[in-house]
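Heads up: the protein sequence lines correspond to chains P and D, in order. Numbering-wise (this note's numbering), the first sequence opens with residue 1 and increments by one. Numbering-wise (this note's numbering), the second sequence opens with residue 1 and increments by one.
Hints are computed from structural coordinates only; laboratory data are not their basis. One thing to keep in mind: the hints can contain errors.
Said to hold, decoys possible - Covered by chain P, according to a simulated footprint, are these stretches of chain D (three or more residues, beta-carbon under 8 Å):
id, stretch
1, 12 to 23
2, 203 to 215
3, 221 to 234
Claimed, not checked - List time: in silico PhoX-like cross-link candidates among lysine-lysine, alpha-carbon distance up to 25 Å:
id, chain 1, residue 1, chain 2, residue 2
4, D, LYS392, P, LYS133
5, D, LYS109, D, LYS392
6, P, LYS261, P, LYS232
7, P, LYS133, D, LYS109
8, P, LYS137, D, LYS210
9, P, LYS154, P, LYS133
10, P, LYS130, D, LYS392
11, D, LYS392, P, LYS19
12, D, LYS210, P, LYS10
Fair warning: this is a prediction, and the values are worked out from it, not measured in the lab. Where is the CB? At the ideal position from N, CA and C, for every residue including glycine.
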Amino acid sequence: MSAGLAIEAKGLLKSFDGKPAVRGIDIAVPQGSIYGILGPNGAGKTTTLRMLLGIIEPDAGTRSLLGHERPLEAARMVGYLPEERGLYPAMKTREAIAFMGALRGLPLDTGRKRAEILLRENGLGDYVDKPIKSLSKGMAQTIQLFGTIVHKPKLIVLDEPFSGLDAINQGRLEHLIRDEAAAGTTIIFSTHVIHHAERLCERIAIIAAGQIRFEGLVSEARDRLRPHVRLKTRASDGKWRAALPADAALRDGHWDFELPKGGVEPLLKALMEGNAGIEELSVERPGLHDAFVAIAGEAAAREMEEAEFGEAVR
Amino acid sequence: MNVIDSAWVIARRDFLALVFSRFFIIFLLAPLLLFGFSIFFSMATRAQDRAAAQPVVAMIVDGPTADALAQTRQRLTANTSEQTFPTLRVVAPAENLAAQAQNLLADEKGNYSAVLSGTLERPVLTGPRGSSDFVGRRMQLLVDESRRTAALDQARAAPAAQPLERVVTEQAVGSLHSSRRALAQGAQVLIFMITLMLATLLLSTLVEEKSNKIIEVLAASVPLDAIFLGKLMAMLGISLVGLALWVGMLGIGLTLFFQLVSGLVALPQIDPAVGWPVFVLLLLLYYTANYMLLGALFLGIGAQASNIREIQTISMPVTMLQLMVLLLAFMTVGSAGGLLYWTGLVFPFSSPMSMIAMAAQSPSLWPHLPALAWQALWVFIIIRLSSRMFQKTVLKSSAGGGSIFSFRRKAAAKG
């Protein structure tokens, strides 16, 4: 494994019943970073995470988890929240958290103590001895998240952690992720909600149709697109029009176009010298969503938006 | 964590979840209730069955003949049993004896098997012969004995009244072999019954994890072998708790029963060839081995099912398989060689039951060591195969290559 990487995967391949699900994925997650895997449903995010964790074996390729080629050897240092949440319904919350810790080598007594602290610190002290089946879905999900971190792992893997949570709990989860990262824990999570990745991640991988379309810093993804200019002028025509790029479009009295390679200053100078009569001029940096559309394609972006909307409706 | 530590975490959770569930009491009481009901109904129906099965012979004979036959029957049944001879019932003669005999044999209420007429010198038995001619042969005995007694009475010669002299010994080879065979089969049935009761539980034990999606968390944390082994250990613990309770209750019941009847009947003396302490230890070991072998197999089969309906579908063939294994083990009792004997000993699933039969009948101890090692090897093989199959078909993952015996050292990560 390369130094400073918590996860490194090269050429991961996986097919189910002859249909390729993941087609040669390379990932490098630096230690202590928050890393997002973005992609629409069925892109191969969960399969990739399951291969990284050793739940399933790849058909080809290599992976290393905290320096271990056999992921289960690093199990004590890893926390995992799967996409399909699961807890024993009859178990009490404290026991459920302690049990998940015990699976990762944490002594049960320590697990119980930490579980109690986690529950009380998060306003769930009244639920310490309540069975899981008596909790709401969101609360049960929170319990499972506590079970994921109770043994203080060095690496936390979260598969679609925000799905099923209301806005308040999504905010709490974001807070928790930031806290864990600040404490030096590496966090990798998959999501189809772009703004979570945009707010949290330093690095991302964009996956579509089982392939990595982009891997790198969020800023690098954004920088793939030129900044966008929105311009309103008093003059409708004149010499200044020559300063606009050929694909500039007039919509609702505003010109929209990509910032020319020369930058803002030459554009501004040409507009002023051409007596455009600038009423409004704004230069907008493209968001991750725009970058995603450009990288993964319109169809993938639409799919993700629909999935996000469907979840919000639910 | 190594496989055993991980298995222990799983086993502990499963064991406590089952013990503290409200159904555990039902699980514990079910065999006792079943046993109690069986005894009650068998006692209640035994008298009726015996009465219904006992042949009845109508006697259309003169008074002295009827008395002679009745006395002979009474004398002989005193030393055998009431079922040894047909019941005799005196019927007053009618004018047409042949027609009366036919009417009696057709009489639904009378339930006669035959009709005896004539005298002791010229008796006539009317009725069907039957496959074994039980009634004919026993009536011939009664008539012969009655004639002999009558002849002795006429000669005023009293029969020799010298009682049989008894020299009492501890044991005889014939009865020892027979009691050990009974013990061997009893031990086999005990192992079989308890494993049979747990078969459905074992088949369905992974369904909870699959339906609750917990399997994903488990599979990401511990090796699949540990999940399978842990589940087996938990169920073994459950069965041992049950076994301790059932055997304890049975022991108390039998002790009380034998104290009550000890003055009335001679208790059978059963002594296993290896002695009781070793036999009990071997019984526990072979029960564990049998449970682990079949348990690993059922767990593996059950792991492939995705819901309870599929489990129910699998249950019947699994029970048939267990019965076939029991029959194979039965073949080894009282046998000392031959293909079936060796198959029973070597075939992994029948080996524990065959070996406990050997412990009851043969004093050799050394064969038990290789047998237990052989069975442990198969437990290991089946767990590995089951977990690999689970990984391949349920988790849809290639099993990672290598043979089932291949291990790479699982370094304990420091974390």
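Taking the hints in turn, this is what the structure says about them:
1. 12 to 23: holds (count 3)
2. 203 to 215: holds (count 6)
3. 221 to 234: The restraint on the stretch 221 to 234 of chain D holds, since 3 of its residues have a Cβ under 8 Å from chain P and three suffice.
4. LYS392/D - LYS133/P: At roughly 31 Å apart (the allowed maximum being 25 Å), LYS133/P and LYS392/D break the hint.
5. LYS109/D - LYS392/D: With Cα atoms ~69 Å apart, LYS109/D and LYS392/D exceed 25 Å; violated.
6. LYS261/P - LYS232/P: Distance of about 20 Å is within 25 Å: holds.
7. LYS133/P - LYS109/D: Since the Cα atoms of LYS133/P and LYS109/D sit roughly 65 Å apart, the hinted pair is violated (cutoff 25 Å).
8. LYS137/P - LYS210/D: holds (18 Å)
9. LYS154/P - LYS133/P: violated (30 Å)
10. LYS130/P - LYS392/D: violated (37 Å)
11. LYS392/D - LYS19/P: holds (16 Å)
12. LYS210/D - LYS10/P: violated (31 Å)
The structure fails hints 4, 5, 7, 9, 10 and 12 (numbered hints given earlier, in ascending order).
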